[in-house]
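S.K.: Now for the letters of each chain:
2 protein chains.
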Amino acid sequence: MITPVLLAGGSGTRLWPLSRRSYPKQFSELAGTRSLFQATAERLSGEGFAAPVVLTQAAFRFIAAEQLSALGVDPAAVILEPGPRNTAPAILAAALWCAQTSPDALMLVAPSDHLIADAQAFRDAVVAAVPAARAGKIVTFGIAPDRAETGYGYLELGEGDTADGAPRALKAFIEKPGPEAAARMAQSGRHLWNAGIFLFTAPTIRAAFEAHAGALLDPVSAALAKARQDLGFLRLDPEAWSRAEDVSIDYAVMEKARNLVAMPFSGGWSDLGDWEGVRRSVPGTGDGVALSGPATAIECRDSLLRSEDPRLELVGLGLEGIIAVAMPDAVLVADKSRAQEVRRAVSALRARNAAQATDFPRDHRPWGWFERLALGERFQVKRIVVKPGAALSLQSHHHRAEHWIVVQGTAQVTIGEATRLVTENESVYIPIGARHRMENPGKLPMVLIEVQTGGYLGEDDITRYEDVYLREAGE
Amino acid sequence: MITPVLLAGGSGTRLWPLSRRSYPKQFSELAGTRSLFQATAERLSGEGFAAPVVLTQAAFRFIAAEQLSALGVDPAAVILEPGPRNTAPAILAAALWCAQTSPDALMLVAPSDHLIADAQAFRDAVVAAVPAARAGKIVTFGIAPDRAETGYGYLELGEGDTADGAPRALKAFIEKPGPEAAARMAQSGRHLWNAGIFLFTAPTIRAAFEAHAGALLDPVSAALAKARQDLGFLRLDPEAWSRAEDVSIDYAVMEKARNLVAMPFSGGWSDLGDWEGVRRSVPGTGDGVALSGPATAIECRDSLLRSEDPRLELVGLGLEGIIAVAMPDAVLVADKSRAQEVRRAVSALRARNAAQATDFPRDHRPWGWFERLALGERFQVKRIVVKPGAALSLQSHHHRAEHWIVVQGTAQVTIGEATRLVTENESVYIPIGARHRMENPGKLPMVLIEVQTGGYLGEDDITRYEDVYLREAGE
Chain W
0 MITPVLLAGG
10 SGTRLWPLSR
20 RSYPKQFSEL
30 AGTRSLFQAT
40 AERLSGEGFA
50 APVVLTQAAF
60 RFIAAEQLSA
70 LGVDPAAVIL
80 EPGPRNTAPA
90 ILAAALWCAQ
100 TSPDALMLVA
110 PSDHLIADAQ
120 AFRDAVVAAV
130 PAARAGKIVT
140 FGIAPDRAET
150 GYGYLELGEG
160 DTADGAPRAL
170 KAFIEKPGPE
180 AAARMAQSGR
190 HLWNAGIFLF
200 TAPTIRAAFE
210 AHAGALLDPV
220 SAALAKARQD
230 LGFLRLDPEA
240 WSRAEDVSID
250 YAVMEKARNL
260 VAMPFSGGWS
270 DLGDWEGVRR
280 SVPGTGDGVA
290 LSGPATAIEC
300 RDSLLRSEDP
310 RLELVGLGLE
320 GIIAVAMPDA
330 VLVADKSRAQ
340 EVRRAVSALR
350 ARNAAQATDF
360 PRDHRPWGWF
370 ERLALGERFQ
380 VKRIVVKPGA
390 ALSLQSHHHR
400 AEHWIVVQGT
410 AQVTIGEATR
420 LVTENESVYI
430 PIGARHRMEN
440 PGKLPMVLIE
450 VQTGGYLGED
460 DITRYEDVYL
470 REAGE
Chain A
0 MITPVLLAGG
10 SGTRLWPLSR
20 RSYPKQFSEL
30 AGTRSLFQAT
40 AERLSGEGFA
50 APVVLTQAAF
60 RFIAAEQLSA
70 LGVDPAAVIL
80 EPGPRNTAPA
90 ILAAALWCAQ
100 TSPDALMLVA
110 PSDHLIADAQ
120 AFRDAVVAAV
130 PAARAGKIVT
140 FGIAPDRAET
150 GYGYLELGEG
160 DTADGAPRAL
170 KAFIEKPGPE
180 AAARMAQSGR
190 HLWNAGIFLF
200 TAPTIRAAFE
210 AHAGALLDPV
220 SAALAKARQD
230 LGFLRLDPEA
240 WSRAEDVSID
250 YAVMEKARNL
260 VAMPFSGGWS
270 DLGDWEGVRR
280 SVPGTGDGVA
290 LSGPATAIEC
300 RDSLLRSEDP
310 RLELVGLGLE
320 GIIAVAMPDA
330 VLVADKSRAQ
340 EVRRAVSALR
350 ARNAAQATDF
360 PRDHRPWGWF
370 ERLALGERFQ
380 VKRIVVKPGA
390 ALSLQSHHHR
400 AEHWIVVQGT
410 AQVTIGEATR
420 LVTENESVYI
430 PIGARHRMEN
440 PGKLPMVLIE
450 VQTGGYLGED
460 DITRYEDVYL
470 REAGE
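One line per chain: the protein sequences are W and A, in this order.
Last residue of the first sequence: 474 (numbering that gives the first Met the number 0), numbering continuous.
Last residue of the second sequence: 474 (numbering that gives the first Met the number 0), numbering continuous.
Everything labelled a hint here was simulated from the structure, so no lab data went into it.
Now the in silico label distances, taken between C-beta atoms and shown as ranges:
#1 Gly415/A to Ser21/W: 43 to 53 Å
#2 Gly457/W to Glu370/A: 21 to 31 Å
#3 Leu393/A to Glu298/W: 44 to 54 Å
#4 Gly415/A to Gly454/W: 28 to 38 Å
Every beta carbon over 12 Å from chain W, so not counted as near; a handful from chain A, in silico:
#5 Gly31
#6 Ser101
#7 Pro102
#8 Arg133
#9 Glu155
#10 Pro178
#11 Asp236
#12 Arg242
#13 Ser247
#14 Thr413
#15 Lys442
For each residue, glycine too, the CB sits at the ideal point set by N, CA and C.
Bound conformation, chain W alone (with noise of 0.2 Å):
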């Protein structure tokens, strides 16, 4: 059985404004109805995998865990990791957690953000590199390249072995390359672009990280150790990890480790690192145009027009290299040659304090989803959704009253001490301060809308006196 290691802990910008520090590239549905994370993780189930073990930030711990729940897969592990310390720490606790259960633990990482079209491409290259990883090698998987790319790094494989389907000798790991090395390995049919996806035993990386990054071992070993089980997660230590170093697989192990091979395979892998890839990742109409959502190109030409909301009609005219992707709150135009520097929007906004630098219009909580309809001098406006046998905290505010008008299906709800159910087209009134809860008994969603005024509307005008969630003070 093979343990599919997800990494999902990352907030990249380069796909603003739909991947947001709230909200993620690798929960977005990106490329079809499922997020690339649900993609990710249902590729590796089925015979031959064991439940996942999921590493993420604590920020997301509930939307991962409602993105596995809506696929029906039950994760071995969802560890928290305390900070950002890039893929070498979390691939170390991983291979620790795994080994606990399991010392000879057979583990397949891999980002949890990327796509790959032929599924069972990918996990027939899986199968036929486990004989190498059972012995002792780290199985790294490689793409063969089908253009000068300068986003990706390569693998250089060694002369000599040329069996089809099974994995090859690995020579060296090549940094992103400039355009004529590009050109000129894209061309060699002795280098593939490197996936930053593994195969090994928890033994084997275990041995390559005590050869050649010592150092990860004992801060990370520690963080396991003193983790704390919240909930259905698992927290690392913050102490413990805050001494781990910040630093990549590749750079602490993979460079230097000398038991690598290097296992081909082809099916439409993409990173989607930037818009430029999500283009390209789009089967094509012949002139390079990529539309989702509502949108509408007319003569245009390689560019990606994207709405991502069925309420907002996005067209183009007379495009050319151009990449569009609007949402209710922002919009960006950018060259598609700026692709890579699409962060620089993200600085620009965070400069003014924009929180469209930041925030996804939609607010993830354990209990569901919120989103703000209006923002008026005195009053607000959200629609909530609340998902089947959820709760909100027990909670009251200083500042604001509030309104709710159960739009679809039914409330339980509580004010002061009492509690009665709300249903549809039926509306309560939660006056300054008073206690209350939200909850749905019921096993539909629930949808309601809250109209709240008063002088200061702030989400953290919240006292919360019971929550089931066991969330902290600003979550």
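With chain W's structure known, arrange chain A on it following the hints.
M.R.: Relative to chain W, chain A alone:
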């Protein structure tokens, strides 16, 4: 005294998505904090100017009236054209109306959707042209070209008279030229752009119509004679009006009349005929980038970036010659060389029955306006703003119940036989079928959030019992 005649009936689509059939360009705050219509009315007010005569469509009557009222301008008449017939019938109707009140009225006819940066320079030119108009001339205003524009018609001046600041002889009207002719005329010193602004007396223009477009006199006279007063508006007779030819004033009269003179003026005129014109009208920053609203340009050139909503961030990155206009329900991204083709975007949306082709997100009504905040399976949320002293019709709905929460000001609400005041942070419920009315008895705008629930939520589920605005079915 000069009577301004403001032509405000157009509903062009070249400035989509800001300009839409339900709320066209002249009423938008395209430049500055006043609409172009308001700026035009203001430019033609003060010493020497009488109250304006406005020509517009019935659909825009309350918008026009409200925008004038906000300026403190009380129009002499708001004449409603029953259907679009281009400028000639509209100007003739205005001339006949003016002659009724003052037989030798001096009329300044102007489109209401142009931009003139220097209003005083324009008024000076008008005053300087009065003697010629009094002497029986048709004075047409022209702008010295500063580029080889192919989007405007030209006025060719006669040779000889060169007195500065006085009208000059006109040799010919020239239709929109090709690039070569435009380049020649831009250099000649004897050509002006035709601004479509005219000064003449009512008898002069009537005589010109009799001489060159006599067939218009009978239907337009009849449309005015049988016009119907409707609150403060004058509705021309639809049957008579439908018999008037659809023809421009240039074609019907100006290209044929021999008593024309041209009055040159400069002062920053633009017809804002397309987004490229809008871009050019914004004072340059050197890089040709024009920004409006929360828009950010990063290394862009010769581009227009407009966000039409204070909560919608628009970011341009590395753009050259791109027009991007963002609204919460529609976004246009176009190459600036295609600015004249924006109507194709509207056609494409209309073909898909997208409301954004024609409907502005804020729906303006005589009592104020509303906008949809959310639309669900069986519910809808609206923000409704009612002007001080205004009242919605007494009405009922067959298929929906409504919850109203007042968030600003005070509403007087009638449900069945009962009337009560509802103040900020109070709510009321309107059951299906109940007769109800909402009024704003206060001195400030009243804002309420309406949550509708029901199986059918169309605007046409309304039975009106009383309406102070005398609206007809479907209005």
